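Given only the sequences and the hints, what does the whole structure look like? Please build it.
Protein chains: 4
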Amino acid sequence: MPDPEILEPTDAIIRVQTAAICGSDLHLYHGTIPGLLPGSVIGHEYVGVVEETGSQVRRFKKGDRVVGAFHVACGSCPMCRRDLYHQCTSGGVLGYGVAFGNLQGTQAEYARIPYADETLRRVPEELTDEQALFSGDILTTAYGAVVNSGLKPGETVAVIGCGPVGIMAVQSALVLGASRVFAVDLLKERTALAEKLGAVPVPAGEVNPVSHITRMTDGEGVDAVIEAVGGSKTIQLAFELVRGGGRISAIGVTSESTFEYPLMNSLTKDITFRIGLANIHRDIDTTLSLVRSGRIDPTVVISHRLPLEQAPEGYRLFDQRKASKVILQVT
Amino acid sequence: MPDPEILEPTDAIIRVQTAAICGSDLHLYHGTIPGLLPGSVIGHEYVGVVEETGSQVRRFKKGDRVVGAFHVACGSCPMCRRDLYHQCTSGGVLGYGVAFGNLQGTQAEYARIPYADETLRRVPEELTDEQALFSGDILTTAYGAVVNSGLKPGETVAVIGCGPVGIMAVQSALVLGASRVFAVDLLKERTALAEKLGAVPVPAGEVNPVSHITRMTDGEGVDAVIEAVGGSKTIQLAFELVRGGGRISAIGVTSESTFEYPLMNSLTKDITFRIGLANIHRDIDTTLSLVRSGRIDPTVVISHRLPLEQAPEGYRLFDQRKASKVILQVT
Amino acid sequence: MPDPEILEPTDAIIRVQTAAICGSDLHLYHGTIPGLLPGSVIGHEYVGVVEETGSQVRRFKKGDRVVGAFHVACGSCPMCRRDLYHQCTSGGVLGYGVAFGNLQGTQAEYARIPYADETLRRVPEELTDEQALFSGDILTTAYGAVVNSGLKPGETVAVIGCGPVGIMAVQSALVLGASRVFAVDLLKERTALAEKLGAVPVPAGEVNPVSHITRMTDGEGVDAVIEAVGGSKTIQLAFELVRGGGRISAIGVTSESTFEYPLMNSLTKDITFRIGLANIHRDIDTTLSLVRSGRIDPTVVISHRLPLEQAPEGYRLFDQRKASKVILQVT
Amino acid sequence: MPDPEILEPTDAIIRVQTAAICGSDLHLYHGTIPGLLPGSVIGHEYVGVVEETGSQVRRFKKGDRVVGAFHVACGSCPMCRRDLYHQCTSGGVLGYGVAFGNLQGTQAEYARIPYADETLRRVPEELTDEQALFSGDILTTAYGAVVNSGLKPGETVAVIGCGPVGIMAVQSALVLGASRVFAVDLLKERTALAEKLGAVPVPAGEVNPVSHITRMTDGEGVDAVIEAVGGSKTIQLAFELVRGGGRISAIGVTSESTFEYPLMNSLTKDITFRIGLANIHRDIDTTLSLVRSGRIDPTVVISHRLPLEQAPEGYRLFDQRKASKVILQVT
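So the sequence lines, in the order shown, correspond to chains Z, F, E and H.
308 is the number that numbering that gives the first Met the number 0 gives to position 309 of the first sequence; each next residue is one higher, with no gaps.
62 is the number that numbering that gives the first Met the number 0 gives to position 63 of the second sequence; each next residue is one higher, with no gaps.
301 is the number that numbering that gives the first Met the number 0 gives to position 302 of the third sequence; each next residue is one higher, with no gaps.
230 is the number that numbering that gives the first Met the number 0 gives to position 231 of the fourth sequence; each next residue is one higher, with no gaps.
Everything labelled a hint here was simulated from the structure, so no lab data went into it.
On a predicted model such as this, the values are computed, not experimentally measured, just so you know.
One should not assume that every hint holds.
To be verified - Chain Z residues, not near chain F, derived (Cβ > 12 Å throughout):
1. Asp-2
2. Leu-35
3. Arg-64
4. Gln-103
5. Lys-187
6. Val-209
7. Met-215
8. Glu-219
9. Ser-256
10. Thr-257
11. Gln-309
12. Pro-311
13. Arg-315
As the list claims (entries may be wrong) - Listed next, the in silico PhoX-like pairs over lysine-lysine satisfying Cα-Cα at most 25 Å (straight line):
14. Lys-151/Z - Lys-151/E
15. Lys-151/Z - Lys-151/H
16. Lys-151/Z - Lys-151/F
17. Lys-268/H - Lys-232/H
18. Lys-232/E - Lys-268/H
19. Lys-232/H - Lys-187/H
20. Lys-232/Z - Lys-268/F
Backbone N, C-alpha and C define an ideal beta-carbon position, used for all residues, glycine too.
This is how it looks when you write it as structure tokens:
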């Protein structure tokens, strides 16, 4: 692959130091996301050093260590003006094919970052690459999902799915004032990690999550549910876990185009349902601040560290669920 | 019918002065809501005078003129403690059959009001019965739906359905700071009333509401949609009208148990969908205050005034859509 | 005066079409603000057309009609990142002397606007210059003060001072859902204008505002006070008008360095007091949207229109209180 | 002292099990609060068992273990309707003299609790008396002060004063999402306890808190300050610690009637200042929920446990600062 070059005055070229494989990359790996041209670079979790900046980049200069959002946003369109950066009319996702802006990814030595001023953040000196890395994607995705659930301090939360995103959601819910967080997953080692971080484990292979959580909430159900798996099955579970007047915030990526919404039941119970890709730019400064002060430790999800050349091995392990999160050490 | 009596120390008996027929009463009229026992009194919109109070009623005394919520709530259960009065574990809807607490209704000379302290409000002296009446039901339902939509000042709103509830939603959205409110209905006289109140009329019999509203919002769609009809068809319309990152707040009563939720599309657009019966107790003081100061005029929806004895005629007119809102003058 | 030139790549030069004299300019007129160098251009309310842009200006191009904030902000510093643009570490106020960034003003044919991308907004086609003009200063100042008061829909507000800023505060409070707005001023023609816009007039030359407003709020006082005069006397009045648990939001510019805060009394009453210059960038899109849809009409305060050459006459009239708001027509 | 009796149908008599001496009781001890009649019982922190209820008490019955708010509120007046229970028009403080409703206190075997339904909460079974006790006063006071500061997750907080209330404020700020909490006190053992709970200690006898905190916040100052000492000196310190656009929330009880508010400086910096006694009823359910789930441990402040008869000794120790918090074991 040739090294990327500045194409627009708002671009920056960064030399990638640390990257990661994201669960959503598996969709590309399996070819279920169409539109990835042959020879494309994928990947969208990255920390690196600014190598070159376009003439209109004001906030960064060569040598700055930066973490970036997985999606880019112009900062100027009506959507960005509303702080809805994930709805940017000229945005896109790095390394995710033609349907998402046809941008090259970051699992490479160099990467071109469009709208660098909006997309990047300087990494605080005290933080390692790995500590900062996830603020550009899964940590801020999970944190934003909890924010979007309208969580009020003292409330209860159920997190469905304790993969890396779910684990980040557990930590985020606690920082945002949840009294109890129920961590639901079929794999016991996953709920065990959640428990270590302060959650109440709900190993769904051993207990029925609905009856278990209902009982532990005095028959009410939880105030908010974070759905972090994807697909109609876990969404329906969310509706069974939530109390009347409660909220469901879903971030699990799915390929199902519709699901049967429990309309009548929700009319009586007054349920709020939200699903949406993350708005990283809105919350990234907050998550960096919380990591910097030690209130959130995103590195707990890392299971493997491999040099970039062994990325194919990383994908294989990840796909076979032998790795929870793979770091790719680029330089 | 025998006059009602105090059954619980928290009850009050009121002498009804002014009642109304609600759209939801038609479900009972047609028998589509099961569980209404023969000889039941229906009706749940009412202004009256307190005639007698149970021994634990502290806030009202004989002679107080009051307006009451259509649903009752105990004020003490965990749901009420969270201000979720519509989710009260011992609540119910007046005159709506066994599935809703088996309470008698208010289209009668006297009515028993459970949990009087929580359910009733004193009517400010300056207000007529008709001005106060709708704060107990359709005005506060509509107002609450706009609150639930998370409307921010300066945003655009589409109201689907300009019957009495929709007209109240138009007024509420303007009071809550909407820049423009698009009023959608098939009937032109309804959108004309909405226009008189400050909305942009969208007569859906003449223009395509999706292309029309999309064009008038510079291709974006609206920030929030209030669905005030009921059923999957208008809910799907709501999804077509809302912009990325927008919110849908549905209050239309429906008998459909599910609908096809546009999951994939919502994942990309980040849509929030909420449907639920109203939480009158939460907002009734606010709507009374706004009516008292003249900022909202709920009486614009009244088309007919009939003595209680002519209630059957009122139902007939209402059912045939010859009446928009029928007031029953009881005493 | 020589025409201004691009000094920084983030600058724009605009050809001013319409300017105005602001109450705060009188402090310069009287020399009470130190640090204005001889030959300086003052003025900071302006609508114009972009004439030239620095190489890093991305959002505007020659020919765009724009309105701008009275203060400039970089958009990149930690304060701007928090949306606290009025606290920008490299910001300043146009035409307000060395203590405020030593920037030239806009009562001239051409003006240099630093940080053009952040400071300017395109004027919607439907709006005249005069309609858009005040979003850059007094309208958004007043609107922001009401936002800062934490006003909840249905609450009561007192606005102290019905000069141009106070009149804008009256309109803003109504748009933001106030049930009643009490407009307090010594001059009866000012409270009369406020009344025309929907406020309850409180001519302080004829009635005692404290006893009058206390009586009209059933002995409680108002939920929120907007202080739009400046100085300890009207601030003390605010403390007398506000109810227990209420909020005071002050924007009146003052030269008093301290005042006697009623500490003990506030401890019992739980009062919130906020004073601060406006954060235009935070709210300007909202006010433009509200003006565009006709919900706020800022032009009601204009009393005089003069060509730029007659600016000295404008200042004289304004200083002698013979003009409420003077527009300077530049081109 | 004769045992108290039911005086109003909304009263309950409780048999006190556990009480505590509050810092504010010292004002009575020293006689600086006027209006305490001879033979009065003081004290307002208590957990007990309901012994008898008035005829209108609905939510409690004999035998319920309860914790109560230090102030009582009727739940019916316009202030209570706004959730401003601390502004109740017929409220008062238990055991605090004629100026506060002339109510007897709770450092006794039995206590009369007015408005029992509103004032009391059932203690969850899992909690000891000591764990629940402080939700009725200092924990919820501190928690409410942090809520009132408008703290946003990821922000920095300074707590001035690390006595029992300050320690509760440290814990509350962390639960509410603060990234870092700076704990300021002259006594090193107090800042050491705060450090153990997660705060950054700022021993004001050794370091200058202003320069220290300014440096640790990159020259900015903190986003929010909780003032928990009382008096103009620590309030002025709060103004020196807060950044531009920041908020000060003061709960320190003071006998100074005014202080010199830094008006001009605040106008430029846009500071929000709030001082007020606590609104326990608003937040008590939340603090009980957070204690129940182990997220806050209020018992860390307890230094002494004495039988009720030794209350005089407890006051002496507390007054001489030899005790941080004294529990009185009544039965």
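Hint check results:
1. Asp-2: Non-interface label stands for Asp-2/Z: nearest chain F Cβ at 31 Å, farther than 12 Å.
2. Leu-35: 17 Å, holds
3. Arg-64: 30 Å, holds
4. Gln-103: Holds: least Cβ distance 21 Å, greater than 12 Å.
5. Lys-187: 29 Å, holds
6. Val-209: 19 Å, holds
7. Met-215: 14 Å, holds
8. Glu-219: Glu-219/Z not clear of chain F: closest Cβ-Cβ about 7 Å, inside 12 Å.
9. Ser-256: 4 Å, violated
10. Thr-257: 4 Å, violated
11. Gln-309: About 32 Å separates Gln-309/Z from the closest Cβ of chain F, which puts it past 12 Å; holds.
12. Pro-311: The claim holds: Pro-311/Z sits with its nearest Cβ about 29 Å from chain F, beyond 12 Å.
13. Arg-315: 27 Å, holds
14. Lys-151/Z - Lys-151/E: 19 Å, holds
15. Lys-151/Z - Lys-151/H: 12 Å, holds
16. Lys-151/Z - Lys-151/F: Measuring from Cα to Cα gives roughly 20 Å; hence the hint holds.
17. Lys-268/H - Lys-232/H: Holds - the C-alpha atoms of Lys-232/H and Lys-268/H are around 20 Å apart, at most 25 Å.
18. Lys-232/E - Lys-268/H: The hint holds at about 21 Å.
19. Lys-232/H - Lys-187/H: 20 Å, holds
20. Lys-232/Z - Lys-268/F: 21 Å, holds
Violated hints for the displayed structure, listed by number in ascending order: 8, 9, 10.
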